[in-house]
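> Sequence order for the protein chains is A and B. Anchor point for the first sequence: position 247 equals 612 in this note's numbering, and the numbering is continuous, going up by one each time. Anchor point for the second sequence: position 110 equals 111 in this note's numbering, and the numbering is continuous, going up by one each time.
No lab work stands behind these hints, which were simulated from the structure alone. One should not assume that every hint holds.
Okay, the calculated bits of chain A under chain B, using three or more residues with CB under 8 Å as the criterion [what the hints assert, rightly or not]:
1. 489-498
2. 501-511
Each computed EDC-like pair below joins lysine to aspartate or glutamate, with the alpha-carbon atoms no more than 20 Å apart [unchecked claim]:
3. B:172 with A:559
4. B:50 with B:188
5. A:698 with B:188
6. A:637 with B:243
7. B:159 with A:565
8. A:700 with B:253
9. A:673 with B:248
10. A:562 with B:156
11. B:231 with A:682
12. B:258 with A:682
Ideal Cβ placement from N, Cα and C applies to all residues, glycine included.
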Amino acid sequence: MDYKKSNDLWVFIETKENGAVNSSGLELMNPGLKIAEKLKGRLVAVLFGDAVEKAVREVAEYGADQIIVAEGEQYREYSADIYAAALSCLLKKYAPAGILMAATNNGREMSPRAACRLKTGLTADCTDVGFDEETGCLLWTRPTFGGNLMACIICQNHWPQMGTIRPGIYKKEKMNKEHVDVIREAVVLEENIDRIKVYETMYEEKITVDLENAEIIVAGGKGVGSAKGFQMLEDLAKTLGGVVGASRGAVENGWISHAYQVGQTGRMVSPKLYIACGISGAIQHMAGMSSSDMIIAINQDREAPIFKIADYGIVGDVQVIVPALTKIILDEKRKKLCKRDK
Amino acid sequence: MNIIVCVKQVPDTEEIKIDPGSHSLIREGIPNILNPYDGYALEAAAEIKDKNPGTKIIVVSMGPSHAEAVLRECLSIAADGAYLVTDKAFAGSDTYATSYVLSQAIKYIQKIEDITFHAIFCGKQAIDGDTAQVGPELAEHMGYSLATCCLEAEEKEKELIVLQETEACRKLIGVAYPCVITFTKPDHDPRFPTFKRKIEARKAVIPHISAKDIEGIDLSCTGIKGSPTKVKRIFVQTGRKEGVILEEENIEEITRKLYSIIALIGEEEKTG
Ligand SMILES: Cc1cc2nc3c(=O)[nH]c(=O)nc-3n(C[C@H](O)[C@H](O)[C@H](O)COP(=O)(O)OP(=O)(O)OC[C@H]3O[C@@H](n4cnc5c(N)ncnc54)[C@H](O)[C@@H]3O)c2cc1C
Ligand SMILES: Nc1ncnc2c1ncn2[C@@H]1O[C@H](COP(=O)(O)O)[C@@H](O)[C@H]1O
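Isolated chain B (complex conformation) (with noise of 0.2 Å):
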């Protein structure tokens, strides 16, 4: 079987401060990292090669030369091949952009490595936006059929069976080749590098695939150009009112006046 992982390079959200003077966001010094659900995603892809060792699996990132590193993270992790998609024509994209640009590499890539996937790995969302939207859109780019947010897969002959967790429950269900799947975090943690593979994949060489390389590209679907929505301004959210503290030392006092701003919220449900 051949999977495709598509993985981005992202802020390391836990290590963005906001300046308090300005309400701007400080990004010196952040670390970018492997977005944390497409390290999911390889694992739930080395999980199946790991019962069928002939699987291939190929990571490919679109993002600026840098995020070549997070390709060979994943090279030290499970994959045997990885690309990377820059060009400055890709610059900007929304997730309908970046959605068509993989489309257009994955199709290229089938190409020249001359297989064809049968599925499509994605994290369910990426941190620095959340948006959870390349995965779906990157299935209707492709026609494939999807599912998202699930745990782990198991291949089987003509369809790939997911764990999918849902708001109310979690479902065993079968998605039919060729399929985009979404994963988000399972209930193990995924595996580390290996040492010999990290000094192998240090080595390796990342094809950079650019718009010149996809024939039939349309550039006017890609880039800041090409996306749909536009950022109209950003802002730092101050909402809500620094709050009242209660510090005294009376537990009994606290708990007294703790239920009776609870009991207000109960009345409130009764009336409204």
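Bound conformation, chain A alone (with noise of 0.2 Å):
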């Protein structure tokens, strides 16, 4: 293919309904900057939305050389069709040597679409990126056969390399570059591509939980019984600010909805804390969760594999120990309530 490969490095920022940027976006910018430096090229935000001026700005604080902003009323809500067929577009014109995107539904979705139109190669759901010295690649690590293994994987001879990257793994960090060219581009396409409809949004309140961007998760397993153990998760998840998550098997036994299923079939998280409480730790429910920053396992079986991947576990019943621990939480946090109003 006809690629005059540039050495930038491109970020896909996805940006919401209402124009805001979406933080798994943000979050590649760190990765990006170090792999961008590696490639001696710039590191190029792009954003997709309408009315994003206020998301321009805010990319602009996480060490973009270049912004390159697709603006307008066709881009304001996702649509596999228009983001695909944009996104190609501007990669053809650009050239960059690779664009990192977040592993969402639609990040998932539309980079594929991207990728088959440029015949390039893709490497989905990345835990880490970094730069393969040998061969001047991107180097993408993934998990693979169910968690089970890593895999190391590049694309070369082939551009763009193109990847995506689990929300969560990476942290972002504010980073102020001196000056920022900030690019608007027409991108002018076929009318009509759009095919897809929307005829109804439903926002079930089970569903609305973002387990994907939550910083705490309590999840629960078998262990917890039943129905209403999981109601002392959620009280848990209150007391700490989080939210509730669950295994298969708790799905399963219909505790809970499959909506807060962790794992290879369920949601990939990485919070700043799990805690399992009553989950065996299948490598299944583990491949969604290992990547949290810590894990706590709450287990009465000392052999129970998911004490292999915590940082901290605990031998004993959830039943006891769960509503311990919010009592603790809920009764320091009165203290220090009392203190300052003293």
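Put the complex together from the two separate chains, hints included.
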């Protein structure tokens, strides 16, 4: 393919319908910066949306040398057809060496379309991305075989090198560059390329839980014993300012909906703190949470595999420990409030 | 309506074990199964057929000859016909090459069946690789519309109405024909094979499609050679260091310790 490669590295920034940036994109700026330095190129942020002025200013605080904006009504809401078409147009025009995208549902839907259009490779749902000195390629690392193995993947001789990276792996880090170039691109697309119509959006309470961006997750498995047991987890989660998650064991027992399932066939999470309650630690479960910053496991069985990856393992009964923990946190909070009042 | 469902035979990742000594995958004795998500895609097709018995469901798989087993399983559940795409020239394909071969094979199947498919159904992802890329890339090769991560589908005249799951909500969307839809786990369990279908499936002849059958296929886009991505290294994650185990009898003591650990995370938050 006719692709005159530049040394720039792109990061795709998703925006929400109200024009705000999605932090999963900002998280990629810092690893992007390091790779851009290795490539001796610039770090370029690309964003699509409508009324994104604020978003552009925000992205500028994360070390971008250049920001490319495709702005307009048609970009307000995500559409696989429109986003993939516009992104592949821009990639062709600017020919960056590579692009990092967040492995959100939208990212994982539009990136293969763009990659295929450009006849290049794509590495999905990575847990790490770096630079391979030997080949000068981006080095993508991702779990495979249900999380049993890790694979390092390169895309040599095809450009751009594309990959999606699991949200929450990298932390956002502010960094101002002296000068940020902002380029506005009017990407002209064929008419009627959007073949999808949205008829209804259902924000059921049970699905609005944003596990991917949660900082604290209290997850329960079969060991929680009942739907009532999940209420107990909910209380702890609330006290900590977190949300509840679940293993498939708990979901299959009907104690909580599938929307909360963490793991290979559920959601991929990497919070600051993951508290696994009554979860044995099947490989499929761990595939979805082993990149959490800190893991605390509560399980009766000293031999449970979850203890192998837990930073702190508590051998004990969830029915006892969870309420006790909730109580102590509430008590301490109250104490602090009293002190402040004095 | 005509639907083709792409199915893959995968090792049952639940059974996979790592040899603790050599840190390598123990492959012996691991059963091969129908990729669970492809079962959900087949179920969605079967539900369309429940409402409209004129629906034709074909299944296709690319893989070695033992992948016939999953095709027979699909025949015993709901499929009307099955094809196996198999050739040395296709071995080692990454998602780009796989989706290219599948797109070529699907066009060929349309020709020999003398039908056109209104929809291609795929699983959201295959559990051996979890890439979730073949569906969207197939849509691109075919020039079809696409919706991923769907739970159910309903046939309408000009479009398929699907229930799609996103991080934040569920959406009811219309996807114009012809389309590619990828499926995730629905709220209900998929149906089982019937005894009668099982017997028929055992006897069914499954045509094999090889590279030479497909006129005009570009073999520089298939197999290892046609795959833009390469696996540089495989390793077993030993990453996380073994943690601390708290085993005291005293609940008060344990929870106090836990509290101090959790409180530290909160502090970091404020300063960081
Ligand atoms: C293709 C495939 C995909 C899968 N995808 C997923 C996935 O995405 N997510 C997922 O989670 N699973 C998934 N699974 C299922 C997975 O293999 C396990 O079956 C599941 O995770 C087990 O759930 P569990 O840990 O809750 O239950 P169990 O394995 O039954 O563990 C329960 C644990 O609770 C402990 N316990 C019991 N009572 C108490 C108590 N009172 N106090 C403390 N501890 C107690 C027990 O010691 C035990 O360790 C998948 C399987 C397959 C085949
Ligand atoms: N070799 C194959 N043969 C048939 N279908 C496949 C094959 N590989 C992938 N698919 C389809 O593409 C989906 C996504 O696979 P993947 O991108 O590998 O996660 C699967 O659920 C299947 O529906």
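> Look at each hint and say if it fits the structure.
Verification of the hints:
1. 489-498: Held - the segment 489-498 of chain A has 3 residues with a Cβ nearer than 8 Å to chain B, which meets the minimum of three.
2. 501-511: holds (count 5)
3. B:172 with A:559: Holds: residue 172 (chain B) and residue 559 (chain A) sit about 16 Å apart, inside 20 Å.
4. B:50 with B:188: 19 Å, holds
5. A:698 with B:188: 39 Å, violated
6. A:637 with B:243: 18 Å, holds
7. B:159 with A:565: 18 Å, holds
8. A:700 with B:253: 17 Å, holds
9. A:673 with B:248: 15 Å, holds
10. A:562 with B:156: 15 Å, holds
11. B:231 with A:682: Between residue 231 (chain B) and residue 682 (chain A) the Cα gap is close to 46 Å, so the pair fails against 20 Å, i.e. violated.
12. B:258 with A:682: Roughly 16 Å between the alpha carbons, so the hint for residue 258 (chain B) and residue 682 (chain A) holds.
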